[in-house]
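**Q** The residues making up each chain are set out below.
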Amino acid sequence: MPEVARSESGSEWNRTGSWSTVIPIHQNKTAPCQRDCPVGVDIPVYLDLIKHKKYQKAYKIVKETNPIPAITGRVCYHPCEDGCNRKVLDQPLAIHSLERFIGDWGLENTPVKKIKTEPQKGKIAIVGSGPAGLSCAYHMIRKGYPVTIFEKESQAGGMLRMGIPEYRLPEKILDKELKSILDLGIELKLNCQVGKDVAWEEIKKYAAVFLATGAYRSRKMNVPGENLEQVKPALEFLINVNLGEKFDFTGQKVLVLGRGNTAIDAARAALRCGAEVSILSRSGMEEMIATQEEISLATEEGVQIVELVDIEAFEWIDAEQVRVNCVRLQREVNKSGQIKYAVVKDSEFSLTGNLVLVAKGQDSDLQSLPQELEKSASLVKADRFGRTSDEKFYAGGDLALATKTVAYALGSGRKAALAIEAYLNKMNSVAREESILVTRETDLNLAYFVKAPREKEIHLDSQTRRLGFKEVNAGMESEAILREVARCFSCATCNSCDNCYIFCPDLAVYKENHQYKIRTEYCKGCGICVQECPRDAIELVAKVGEEV
Amino acid sequence: MKKVITGNQAAAHAARLAKPNVVAVYPITPQTSVSEMMADFVAKGLLKAQLIRVESEHSVMAALIGAAQTGARTFTATSSHGLALMHELLHWATGARLSIVMVNINRAMGTPWTIWCDHLDSLSQRDTGWMQFYCESSQEALDTVLQAYKLAEQVNLPAMVNLDGFYLSHTVEPVDIPEQELVDAFLPARNPSYKLDVDDPHSFGALTSPEHYYELRYKAQKEMEQAKNLLKQINSDYSQIFGRSYPAVEKVQTEDAETILLTIATTVGTCRWTVKKLRKQGYKVGLVKLKMFRPFPAEDLLEAIPEGPRIVVLDRNLSIGMGGIIQQELKSVFHSAGRRNQIFSAIAGLGGRDITPVQIEQVVNQSLHDMYTADQINWLGGKI
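Chains as they are written, first to last, in this note's numbering: chain F, 1 to 548; chain L, 549 to 932.
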């Protein structure tokens with residue numbers, strides 16, 4: 001008899017797996033960041049690669065979906081961060097800073113190789129070279145289709161070039177990203193407006209057409225006096241600034257009307273031209289459409305924001321000045337929680353400015369498109385894969401989307417590319433649906449994560465910013481990048497942490513070819529591996545033929 | 549190398565020198581600085597061990613049991629309520645025959661809340677099957693931890709090394725910290741006969757029928773009895789390498805003594821001084837230091853104290869409803885052996901009250917004049 005209570009024979013005969021009704025499976029669900037990314041970037045995977053300093057692989061993963069990470073890392077409003085599970089512990093991950101880092105790294109370190117296309121597959125025409133057009137072109141040529149982009153302006157880039165100021169997106173970054181896409185072998189026809197410089201009939205000869213002409217028509221306010229010389233669309237001003245026109249507003253007062261990001265861009269651009277700038281917003285500060293980040297950057301620089309104001313009329317004072325007649329609004333929340341703005345009685349007041357910039361949104365020019373395409377009031381009608389009423393035509397970006405952002409435009413280009421491929425190959429379905437199982441914060445084991453504050457980006461000081469169009473955000477230092485990426489929970493994504501392997505009391509988890517496997521004949525279905533997985537990458541499922 | 553350090557530091561240095569593979573820690577006054585120092589050793593690379601921070605003392609012991617079961621050498625330190633919280637697992641460690649070594653810094657039990665010294669915390673764990681040692685000095689604490697590993701690994705039973713809270717844990721004195729090579733020569737790596745091994749799977753501690761349980765307990769008893777003799781050998785080896793040894797029972801001027809004081813831990817030091825003083829005054833007083841409480845060194849005690857002298861036991865503990873625990877054990881041994889020494893029981897220093905030379909002189913005097921009888925408790929230093 002031994003001194004300890006130890007079985008004399010081995011215990012392998014005891015097939016404890018017969019006790020269980022459930023079995024764990026390693027499965028990758030979707031992280032909320034990826035779900036919320038309009039481009040569908042596999043965020044947890046590329047962040048894990050950055051964690052291990054495998055930058056080339058990380059860049060490759062990003063570029064699978066997003067052709068321009070150095071740009072989106074700068075200008076995307078990062079909806080990915082809104083749903084980040086990390087916020088239950090401290091603050092969401094600064095995903096955009098990491099995207100910018102890997103995007104810049106890729107531009108410096110990844111030579112572009114020309115893709116050999118297969119003309120017999122069918123040539124693709126893309127109308128418009130903004131983010132949607134570029135994205136569709138990028139994904140089509142990667143599938144082997146020859147692609148031609150038609151651009152009516154003298155330079156490519158669409159709203160990336162025309163609408164986004166230099167201080168948010170330096171031209172040299174834009175040019176590098178464009179080059180990295182075009183050098184794949186995409187044909188670009190500049191100064192070529194379809195319907196004018198080239199006939200729609202010619203375009204229809206292509207195997208498929210992706211329309212991405214954007215939205216450049218500034219909306220009218222329908223207020224008396226809005227046609228005065230001193231009242232101008234904010235987008236027009238931004239385009240002129242971006243195309244290199246110099247403005248000197250020293251000593252002048254500029255009033256910007258609007259509550260979106262265009263209003264903020266115009267205000268900050270005008271400020272850099274020397275003006276004293278106020279934004280008049282219909283909504284309260286918190287309900288502005290512009291991101292809080294942009295709002296606080298603008299106010300730091302000295303932009304005044306006057307909330308809850310409606311405009312009743314513009315009045316001509318003299319060639320240099322205009323009077324803006326305003327009325328105060330008050331916020332009212334109705335029973336269903338909707339916010340309405342009501343005019344405050346006897347609250348009329350007026351402001352005087354030298355220039356008024358109106359940023360009330362943009363619509364698309366639908367007149368110049370083929371008649372036969374179905375349209376709504378301001379958009380070309382297209383489904384979520386960009387399919388229009390004509391099977392040959394696809395549409396995306398601001399032309400087809402109500403949410404007019406770079407990320408949505410990129411996403412629409414990518415989805416249209418999938419749909420075009422399906423159409424040309426007579427496939428019944430477009431693409432596999434992504435997993436709808438999303439990892440929630442309650443699915444994580446937070447005991448494995450320690451608090452670490454979100455790293456900060458380096459911003460130019462607000463005084464220097466006002467003096468010119470130098471890039472405001474210098475990104476994160478390389479040390480901060482590594483600290484920040486270490487904060488990622490890797491939700492829903494197995495990163496081989498070995499917890500399931502270590503904790504299994506029955507040695508039922510084992511490793512084979514860098515993957516975890518389950519010895520079903522020993523797994524009791526206790527679920528400890530599931531509980532101890534920090535990131536919801538393993539789940540219990542009912543055994544076939546068992547009821548739970 | 550001699551350094552002026554605290555008892556806690558001495559214990560931590562000993563643990564470092566023993567090269568445990570796994571150290572689990574949970575803080576509790578007055579032990580915390582031992583845990584902190586272990587963490588520091590690991591952080592600085594002076595000790596290559598897995599340091600596990602856990603959520604309670606119960607988990608400390610559970611972690612060490614798991615680690616020890618795989619063959620690792622383990623260490624932890626605790627105190628008072630922390631030790632009480634481990635109670636269930638103290639039994640388990642014994643049953644599993646795991647040579648875990650733990651330092652306990654003696655602290656009285658609450659409530660009322662207290663952090664000061666008495667011995668009820670460890671003596672309450674009397675029946676868990678752990679070997680128990682009590683230390684008089686910081687040097688002894690260091691040496692005892694090293695000896696405890698050697699002994700525990702020979703008999704496959706856990707060992708608890710006790711230091712008086714604050715008297716020893718937080719006061720400084722010169723301590724010789726031995727060289728690693730010498731310790732390595734004294735204490736080879738642990739290599740138990742039975743290990744939890746994924747390549748040779750066996751079940752450990754599974755449900756055992758009445759057919760077998762009894763004998764497993766018997767074996768543990770026999771093994772612990774062996775420890776009494778093994779300690780003598782270990783002391784002899786230790787003395788050859790380091791020049792120091794600590795018998796389970798030490799005699800001080802007992803040869804012609806008419807009264808013998810018997811006590812444990814730092815009170816031994818106070819008694820040594822007082823005995824010298826009383827001897828100068830012409831009193832025939834001696835002292836017996838009890839270092840090892842489990843296994844209880846019955847033979848050594850009977851040998852140390854001949855028929856005749858009265859014995860005064862200073863108990864820094866109180867088993868409510870019975871009295872001092874040490875005197876109770878002593879009486880049991882002496883009575884079984886047919887000895888008729890009068891054994892006086894004094895309860896002193898509960899909850900960290902100082903035990904002074906004046907009190908010791910007083911209790912010796914009282915015993916000489918039969919001021920109280922053998923079956924009464926002398927509440928020494930009590931305001932009653």
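These aren't lab readings, by the way, just hints derived from the structure by calculation. One should not assume that every hint holds.
To be verified - DSS-like cross-link-like pairs, simulated, lysine-lysine; straight-line CA separation at most 30 Å:
1. 53/F <-> 596/L
2. 232/F <-> 172/F
3. 770/L <-> 511/F
As the list claims (entries may be wrong) - In silico contact screen, one side only, chain F against chain L (beta carbon under 10 Å); selected entries:
4. 7
5. 14
6. 18
Unchecked claim - A few chain F residues that don't get close to chain L, going by computed Cβ distances all over 12 Å:
7. 6
8. 221
9. 293
10. 301
11. 475
Quantities reported herein were computed from a predicted structural model and do not represent experimental measurements. Each residue gets a CB set at the ideal place from its N, CA and C atoms; glycine is no exception.
**Q** It remains to establish, for every hint, whether it holds in the given structure.
**A** To see whether the hints hold, each was checked on the structure:
no. : hint            : result
1   : 53/F <-> 596/L  : holds (28 Å)
2   : 232/F <-> 172/F : holds (29 Å)
3   : 770/L <-> 511/F : violated (44 Å)
4   : 7               : holds (4 Å)
5   : 14              : holds (8 Å)
6   : 18              : violated (17 Å)
7   : 6               : violated (5 Å)
8   : 221             : holds (63 Å)
9   : 293             : holds (38 Å)
10  : 301             : holds (46 Å)
11  : 475             : holds (33 Å)
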